[in-house]
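Student: Residues per chain are reported as follows:
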Amino acid sequence: MASVVLSEAEKLYIVHGVQEDLRVDGRGCEDYRCAEVETDVVSNTSGSARVKLGETDILVGIKAEMGTPKLEKPDEGYLEFFVDCSSNSPELEGRGGEELGTDIANTLYRVFSCENSVDLKSLCINPKEHCWVLYVDVLLLECGGNIFDAISIAVKAALFNTRIPKVRVLEDEEGTKEIELSDDPYDCIRLNVDEVPCIVTLSKIGYRHVVDATLQEEACSLASLLISVTSKGAITSMKKVGKGSLDPESIFEMMETGQRVGKSLHIALQKILDEEENLGTSRPKVGFLG
Amino acid sequence: MPLDHRRLRGPEESQPPALWAAAAAEDEEDEKGAGAAARDPCALRPLFARAGLLSQAQGSAYVELGSGTKVLCAAWGPREAAEPGPGRLICEFRRAPFAGRGARGRPGAAAEREAEREAAAALREALEPAVRLGRYPRARLAVSALLLQDGGSALAAAVSAAALALADAGVEMYDLAVGCALCRPPAPAASWMLQPAEPEERRAAARLTLALLPALNQVSAVLGGGRGGPPEDWAQALRLGLDGCHRQYPVLRQSLLRAAQRRRSTPPS
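Just so you know, the sequences run in chain order Y and Z. Counted the way full-length UniProt numbering counts, the first sequence spans residues 1 to 290. Counted the way full-length UniProt numbering counts, the second sequence spans residues 1 to 269.
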């Protein structure tokens with residue numbers, strides 16, 4: 001992961017600031033940086049979103065393709081995650097980037113392993129034979145700290161934006177099945193994203209923990225806790241990352257904070273997504289020119 | 001083994017029979033499961049630990065749980081590394097081809113490798129806080145865990161075994177890392193259960209693996225997921241798991257002490 005080198009004095013400055021609930025950029029311990037979310041940025045995908053969280057820049061594209069359901073779940077579609085971070089910095093090219101990429105993808109699989117996060121049954125076309133597979137490709141354009149949160153926001157926004165064409169299965173007298181695609185390109189199914197969790201990363205700095213750490217703050221933190229929270233405030237997965245260890249009491253506190261922050265994050269994100277949706281075709285597209 | 005496909009005239013696509021026979025097998029397991037449900041959720045499984053059993057590795061440990069999980073770990077002390085900076089801990093996690101239930105997986109398969117790499121990363125995160133890496137500049141420490149039989153809670157057993165192996169190799173450590181796994185059965189009002197067996201783990205609605213440094217009371221690994229619950233619910237699981245780690249600690253310490261005594265009584269020739 002991209003990292004910065006800080007002197008001891010700089011670290012001390014950040015740690016002391018966090019203890020006073022005032023961070024280097026003027027935020028409190030539970031404040032996110034200003035986030036920009038735009039959906040439908042890549043026209044060749046079924047759904048896409050770009051999220052800019054401070055310096056961190058994430059692009060997610062989702063392509064729906066037809067595949068065969070997994071044997072153990074014959075009446076469900078499934079999601080595949082792929083994370084590419086090679087464009088980020090020279091040290092992430094090749095092996096290093098691949099490792100970070102699979103690490104992030106594994107975390108996403110765990111976060112979405114909860115059975116009702118996405119309604120997978122709606123992705124089934126006909127059981128045991130055809131289903132929709134959603135390929136979720138995450139591109140890390142720029143890394144400015146807190147990539148996990150930004151990625152999960154982008155994935156949720158992209159899933160909200162995803163439109164899967166409606167198909168019908170026709171069966172003739174001999175029992176051969178035929179799949180018919182609707183003529184109307186606007187005739188699509190949308191996914192229900194109410195239960196899609198967002199990741200909240202809580203970094204332990206000194207005696208306190210902060211959300212949405214910048215690269216500088218990540219350099220001061222030895223251990224952080226990733227918590228995925230649904231909009232109702234239920235925790236679906238947890239993971240400790242980093243070289244350090246955590247006190248049990250602080251983990252309990254972090255879970256409480258994570259739930260609180262995650263809930264308000266979901267509300268803010270849903271509001272933005274609905275607003276953008278209501279603008280319809282009159283929406284000015286910013287894309288990468290803004 | 002080379003296989004002559006012209007002589008074996010099977011269908012082109014094959015599916016494991018276990019999937020289709022599952023209904024009958026599940027019932028049988030459920031009967032067993034009823035017995036397991038009667039098991040006290042706070043009860044730990046019998047634990048066997050032995051350190052210093054491999055002659056070729058600097059440090060080694062074997063951990064076996066009552067549910068059938070068997071893990072063998074080997075550790076090698078500091079070796080010179082090219083890159084500067086503090087020491088690095090290199091972890092490896094392998095599953096024996098016959099470790100799991102059902103058909104033998106192909107050892108080199110991509111999914112298998114992926115799962116092993118993820119477990120290795122989790123192992124490193126759990127062990128790193130316990131090892132005094134600052135004392136080994138420009139050096140590499142290596143731990144390799146081999147899962148011989150998977151009877152549930154495999155990663156947790158691997159964490160305990162790897163920490164024992166490192167300590168047995170004479171690596172400077174703050175504390176042993178003790179691993180413990182939990183799961184929550186799919187029933188709606190079910191409570192968390194310590195050290196699940198393999199069938200319980202497979203059917204569980206949520207799983208959690210913890211590692212604790214008991215003397216320092218520091219949690220070095222938290223890894224879990226599944227059906228959502230309020231923070232209080234996860235906090236309760238965490239408390240139960242930490243208690244489980246504390247209760248395993250004396251056994252692991254004892255095995256280390258015994259290994260040291262054995263070594264003293266039989267000086268290397």
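Be careful, since some hints might not be right.
[Stated by the list, open to error] In silico DMTMM-like cross-links for lysine to aspartate or glutamate, where the CA-CA straight-line distance does not exceed 20 Å:
1. Y:263 / Z:118
2. Y:232 / Z:201
3. Z:70 / Z:92
4. Y:243 / Z:118
5. Y:243 / Z:232
6. Y:243 / Z:92
7. Y:263 / Y:183
8. Y:243 / Z:172
9. Y:70 / Z:114
10. Y:121 / Y:65
11. Y:73 / Z:201
In case anyone wonders, no lab produced these hints; they're calculated from the structure. Note that the coordinates shown come from a computational prediction; the quantities given were computed from them, not determined experimentally.
Student: Now, for every hint given, state plainly whether the structure supports it.
Tutor: Here is what the structure says about each hint:
Simply put, residue 263 of chain Y and residue 118 of chain Z have alpha-carbon atoms about 29 Å apart, too far for the 20 Å limit, and the pair is violated. Taking the CA atoms of residue 232 of chain Y and residue 201 of chain Z, the gap is near 26 Å; set against the 20 Å cutoff, the hint is violated. A hinted pair counts as satisfied when its Cα atoms are at most 20 Å apart, and residue 70 of chain Z with residue 92 of chain Z qualifies at roughly 16 Å. A hinted pair counts as satisfied when its Cα atoms are at most 20 Å apart, and residue 243 of chain Y with residue 118 of chain Z qualifies at roughly 16 Å.
About 26 Å separates the Cα atoms of residue 243 of chain Y and residue 232 of chain Z, which puts this hinted pair outside 20 Å; it is violated. Distance restraint check for residue 243 of chain Y and residue 92 of chain Z: the Cα-Cα separation of roughly 17 Å lies within the 20 Å cut-off, and the hinted pair is therefore satisfied. The hinted pair formed by residue 263 of chain Y and residue 183 of chain Y fails the criterion: a straight-line CA distance of about 40 Å is larger than 20 Å. Annotation: proposed proximity of residue 243 of chain Y to residue 172 of chain Z holds, straight-line Cα distance about 16 Å (limit 20 Å).
Restraint check: the Cα-Cα separation between residue 70 of chain Y and residue 114 of chain Z comes to about 18 Å, which is no more than 20 Å; the hinted pair holds. Annotation: proposed proximity of residue 121 of chain Y to residue 65 of chain Y holds, straight-line Cα distance about 15 Å (limit 20 Å). Annotation: proposed proximity of residue 73 of chain Y to residue 201 of chain Z holds, straight-line Cα distance about 18 Å (limit 20 Å).
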